[in-house]
Every structure is written in structure tokens, then in C-alpha cells.
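**Student:** These protein sequence lines map, in sequence, to chains A and B.
For the first sequence, position 436 matches number 435 in numbering that gives the first Met the number 0, and the numbering has no gaps at all.
For the second sequence, position 38 matches number 37 in numbering that gives the first Met the number 0, and the numbering has no gaps at all.
Here are the simulated SDA-like pairs of lysine to any residue, each with C-alpha atoms no more than 20 Å apart in a straight line: (1) A:K199 x A:K277; (2) A:K247 x B:D56; (3) A:K199 x B:N22; (4) A:K247 x B:I9; (5) A:K48 x B:V39; (6) A:K247 x B:R58; (7) A:K433 x B:N22; (8) A:K247 x B:R1; (9) A:K48 x B:V24; (10) A:K199 x B:V24.
To be clear about the criterion: a stretch of chain A counts as covered by chain B if any three or more of its residues have a C-beta under 8 Å from a C-beta of chain B, and this derived list gives those stretches: (11) 50-58; (12) 183-194; (13) 197-209; (14) 214-221; (15) 250-259.
Since the hints were derived computationally from the structure, they do not count as laboratory data.
All residues carry an ideal CB built from backbone N, CA and C; glycine is no exception.
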Amino acid sequence: MARRGHVMSLEQWSVGGRGFGSVFVFLLMAGEIYTTFTFLGGSGWAYGKGAPAFYILCYGAIAYSVSYFLLPIVWRYAQTRRLVSQADFFVAKYESKTLGVVVALVSVAALVPYLVLQLKGLGIIVSEASGGVITQAVAVWTSSIALVGYVVVSGVRGSAWTSALKDVMILAAAVGIGVYLPLHYFGGYRAMFEAVEAAKPGALTLPGSGMSPAWFISTVLLTATGFYMWPQFFAGVYTARSENVFRKNAVILPLYQLVVLFVFFTGFAAMLVVPGLKGAAADLSLLRIVEQSFGSWTVGVIGAAGLLTALVPGSMILITAGTIISQNIYRVMAPAASDRTVSLVARSLVPVLTLVAVILTLRGGQTLVVLLLMGYNFVTQLFPALILSLGERQRVSAASAIAGIVAGELTVVFLTVTGASVATLLPGAPQMVKDLNVGFVALAVNAVVLTVVALATRVETPVVTELARTR
Amino acid sequence: MRRYRWLAAIPTLGMLGGVPFANRVHPYVLGLPFLLAWIVVWVVITSLVMALIYLLDSRRDAELASAAATVPDDSRSS
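Use the sequences and the hints to build the structure in full.
**Tutor:** In C-alpha cells, the structure reads:
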């Protein structure tokens, strides 16, 4: 798959010329799963919250089983239309460039916090690994510059290769540490969990209120819903050579995800071995226990693996955001632009977006998980419009999709700014309802607005599309 | 018809539907507290069920392909 011509086309840069086989797509998808969030946030949640962290293990398995059916449909459509971005999919399905612009704006609004999350994790890892010699600011700046360089030059192909290297390192590191620590400190897994239960009764089960089973189930469902709505995941689908790739991945990825289990083990071990990290500092628990157990040189090794876990998703985010802005916003404003210009714009946006993310990283103060959840709620709002577009006939109008998405996003912003939960919105509701993930409120607003507008603006001539053949 | 594809819903229903009942520490399974073991088992079942669907789909695709070809298909019927 050599590059054609001197300037890589947008199709080469953003979707690798649609020539990736099972292994490459697997690495890209898996590379997205094992982000800094999984590495630091997963152990941080187990450390700080206990059993609620298990939700991280659940949503992936559900999203993968859905992907078996969803992704081939998406892939077939994208393949015949030569789509390069997620927003393209909406533009083609709803025959509306305006909807494309709306989706593009939502995507960028979600991708930037996700990139910030990666950079934040990166800064923590490097500064910890260097024993504080390298400050977080220096770490974030230098790795961002490296990131921009390789994204601009190699596009999505570079991401897939980096992902291969990263997965080997992280598998070795995460599994090795997770296997060793419980045996070393407690003599076994059961002994470790019994010690945790004795020290912090209730840490291994979900509480009766707050992060209760109702919270757990609703959060898993919401997260699984939003999983493939991430624009970089969606566009990752386009890189595949055939639809069978997704079916194979749906079989393997749930098992592969069990690596998270070892990340949890590390978090629980840290709970007893390096206690006292509060709030955002819980994200440091993995690095602290590694340092204490193996000495500082191992933190360097973990740091290198952690660096790559931030770089792979970071590069995918930059490629996706660059593609979306150039293809679905710039091209709409400048219809005369040539493919070559659009491709160049996509790449020139990479340093700009990185700069924005670096500034937000160095000035922001939230913990890793909160940031991710907000981004998640943003992209989840694309779900109703996407699902409704999968049938053979386009039954709802672009106007209704736009109205639903905009209403949903405004609700997300409102809920985030006011810090509302279902409990504050419905103080009289039963505890089970109060514990539901507040993201469902935004999704419900979205669905209601979409339905009302869809009924008011019927599609006059249903557009017949050739995909979604039922066999 | 590919009705067997509905099997894919089982792991999700089992995993999440069971959470309120599996929300306990004892008994330990393979050294894991019960809630965690419950989730892990269902993640493994997810892979198994998807593998089964994959096999059935592959077989069905092969049947359709041979039916589409002019060679008469004397093998399995659905």
C-alpha cells in the first residue's frame, strides 16, 4: 500500500485508502480502547471508588456485540460513497450539508476535551516518570510537538503502527503489574480482595444509593450507546478492507478487553499499599505503587508505555478533527476548493487544534473521568439520528435530526454547567430513578424534539438507498 | 432469516440484568469477589456468543454463495 503521488490524498491520510486488514483495524480499534483513561483512570477509579469502576469492563463488551451488526452497514455505505468522515455519513444519508456542519461542530466539541484528556494523562505520566524533573507543562508541550509532526507526515497509517508497538508494551506492563502486585503484597487475589473488604467494607460492591446498580446499568448502557458515535471510531471503520473485519473483531475484542481486569487489580492493591491519594490524585495510584514496588526505573518503562497510550488516540483525534473541519465545514464554505486544498487544510489544522488542546490542558483542573464523560455525552447525541438513518428508506428529515441534536447538546451543556443530576431535577422520584445517569435526560430531550419535528416536517419523497439489505 | 442473531442480546441482558442480584462479595469465584466474577464471566460469554454467530453467519454466507452459483447445492439446508 504505497503512497500514491507526492501529496497524500485526504482519503489516504484519513482512512488509509480503505486498505486495512483485520490486524490493522483491530490495532486501531484496540488502540482506542486502551487510552490513558483506561490506564490511569481505570486504576484510579478502582482505587478511589471501588466496584463502580467495573462499568469500564461492561460497556465495551456490549458495544462490540452491537458493532457486529452496526459496522458492516456503515462500512458498506461509506465504501460505495467514498466517505472520509463521520459527518459525511450524515450528509449523504440526510442529503443535507447543514446537518454535516452541525455534526462536525459537535464532533470537534467532543474531540477537543478527549484530546485534552490524553494530554493531561501524558503530562502526569511523564512528570511522574521523571520524578518531577520534567514538569507537566514541558512534557505536554514536547509530546504535542512530536504528535503534530508524525500525524501531519504519516496520517492514520502511522497511528496503526504506533498502536502495534503500544499494545505490546501496555499488555506486558498492565498484565505484568496486575498479576505480580496482588501476589507480592497479599499472597493471592482472594487474599487481596479480603484485605480490601476488611479495610474498606463495601468497596467491592455497588452502594445502595448514588453509584447504585441503577447508576451502573444506566451508565453502561449510555456509554455503550456513545461508543461508536466517537467520530474517530466511526472513521476508523472506513479504513477496513472488508466488512468481515468487524465481525472477527466483535469476537476477539471482548476478550481482549479483559486486560482492564489487571488494571483494576493494580488499583485495589494500591488502595492498601499507597493509601491517601484523594480526588484527582487517585489517577496517580498506579504510578505510585509501581514506583514503590519496583523502584523508579520501572516508572520510566511504564511512562514510555503510557506515553504511547496517549499518542495513539491523540493522533486519531487530530486526524479526525482535521478531516472533519476541512471536509465538512471548510469545503461547505468554499465549494470551489480543490481536493488538494482540502487535504492541505486538514493537515494545517493539526497544529492549530493541538495548540488549543495544550492551552486547555495546562489551564484546566478537572479529573480525567469527568472530562471524558462530558465528551461522551456530546457524541452520544448523534445516536438517534444515526440509528434512524440506517434503514433502506430515509424516513425522517434533516431538519428533525438537526433539531434533536441541537436540543440534546444544549441539554448536555446545561446539565454540565449546573452540575444537575436526576436527583436534583426530580427530588421526589424513587432512589432508583434518582441514581440514573443524567446523560439519559439529554438523550430523551433529543429524541422527543427529533420526533416532534420529524412529524411536522415529513420527508416528501422517501430516498431509497441501496444498503441495509436484509439477507 | 437469521433468527440466531438474537442470541447476541443474551450477554447484555445477563450481565446487566444480573447486576442487582450479583451485587455481593461472597462467594468468591476464582479469587474474585462475586460481582466482579459475574461481569468477567459475561464478558467471556459475549465472545463465545459472537463466535457462534460468526460461525453460523459464515455457514449461511457459504450456502447463499453456492446457491447463487449455478452448481446445484446438495449440502445442508437451513
